[in-house]
Amino acid sequence: MDKTSQNTTSKSAFHPDGRFQCYGFGFNGFRQITAKAINANESQEVDFETGGSHPASVLTPVQLNFDCVSGILASWSSTFYLKENGTINKVGWNSKTKMFGEEENLLPDHFVTDACCSWTQLVFLTKDGDCLQWTDYTRFNEESKLVKVCSNGTKFKEVGCRESSCILVTGNGQAGVICNDQVKDGAVAKPVPVFKAIAIDKEITSVACGKEHALLLTSSGTVYTLGSGRYFTCIKTTITT
Numbered sequence: 030m031d032k033t034s035q036n037t038t039s040k041s042a043f044h045p046d047g048r049f050q051c052y053g054f055g056f057n058g059f060r061q062i063t064a065k066a067i068n069a070n071e072s073q074e075v076d077f078e079t080g081g082s083h084p085a086s087v088l089t090p091v092q093l094n095f096d097c098v099s100g101i102l103a104s105w106s107s108t109f110y111l112k113e114n115g116t117i118n119k120v121g122w123n124s125k126t127k128m129f130g131e132e133e134n135l136l137p138d139h140f141v142t143d144a145c146c147s148w149t150q151l152v153f154l155t156k157d158g159d160c161l162q163w164t165d166y167t168r169f170n171e172e173s174k175l176v177k178v179c180s181n182g183t184k185f186k187e188v189g190c191r192e193s194s195c196i197l198v199t200g201n202g203q204a205g206v207i208c209n210d211q212v213k214d215g216a217v218a219k220p221v222p223v224f225k226a227i228a229i230d231k232e233i234t235s236v237a238c239g240k241e242h243a244l245l246l247t248s249s250g251t252v253y254t255l256g257s258g259r260y261f262t263c264i265k266t267t268i269t270t
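Take the position in the sequence shown, starting the count at 1, then add 29; the result is the number in my numbering.
Please note that a few of the clues may not be correct.
Each computed DSBU-like pair below joins lysine-lysine, with the alpha-carbon atoms no more than 30 Å apart [stated by the list, open to error]:
1. Lys174 <-> Lys240
2. Lys156 <-> Lys240
3. Lys240 <-> Lys125
4. Lys127 <-> Lys219
5. Lys240 <-> Lys112
6. Lys177 <-> Lys225
7. Lys184 <-> Lys213
8. Lys174 <-> Lys186
9. Lys240 <-> Lys186
10. Lys125 <-> Lys231
Calculated from the structure, these hints are not laboratory results.
Using the sequences and the hints, build the whole thing.
As structure tokens, then:
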């Protein structure tokens, strides 16, 4: 892309009041949704069909009708759009209806500020500092649903998702993991996600996760690697610049 194209793209994508427009491009697995979401003022027509009902590759960016987007989260089956007003929309696979579609305002009772996902985990953070976890979110059954993480009043500011576990950072910089604990509901014990702190005597400012690894960045610039994913032994690594 030359400088002229870059300047044109950046100017057209930025609103005078500071809001960014939202574009989708690349492999389009959600043909019917994207086609509906094209800007009505856009004169260019994009061919989404490649034969039959197969999805197509959209080679040019397509403007989506998602106003005031503050963040985007892409999972393997869906794309989540975080709005500036705290609502969150989803475009993609609906595990309940077994169809592709659009869902608006997924969490009407929460002001969502951040989101993270992996192959099996989907986690939201709210303005109140709460953490909502959805394990096996691509399946729809009684065991697969959004659950609030028990934290005994602890508030969270950062989250990272590995393949089958999540790392949280509290408001005061304490890192920890989400573990399942048995909580009695009458005579029945049910698994409930609970925050368990990791023994690191450092203020954690950020977390980054891969499939089986996690990196914790401290306020002093030290990086800790959290085991090999399945184990929670921390190894200190100092990064020099």
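Going down the list of hints, with the structure as the test:
This hinted pair checks out: Lys174 and Lys240 have alpha carbons roughly 22 Å apart, not beyond 30 Å. The suggested pairing of Lys156 with Lys240 holds, with an alpha-carbon distance near 27 Å, which does not exceed 30 Å. Distance check on the hinted pair: Lys240 and Lys125 sit about 26 Å apart at the alpha-carbon level, within 30 Å; holds. Proposed proximity of Lys127 and Lys219 is supported: the alpha carbons are some 28 Å apart, at most 30 Å.
Between the alpha carbons of Lys240 and Lys112 the distance comes to roughly 27 Å, so the proposed pair stays at or under 30 Å and holds. Simply put, Lys177 and Lys225 have alpha-carbon atoms about 14 Å apart, close enough for the 30 Å limit, and the pair holds. For the hint pairing Lys184 with Lys213, the CA-to-CA distance comes to about 24 Å; that is within 30 Å, so the pair holds. Taking the CA atoms of Lys174 and Lys186, the gap is near 22 Å; set against the 30 Å cutoff, the hint holds.
Taking the CA atoms of Lys240 and Lys186, the gap is near 21 Å; set against the 30 Å cutoff, the hint holds. In summary, the hint linking Lys125 to Lys231 is not supported, as the alpha carbons are separated by about 42 Å, beyond the 30 Å threshold.
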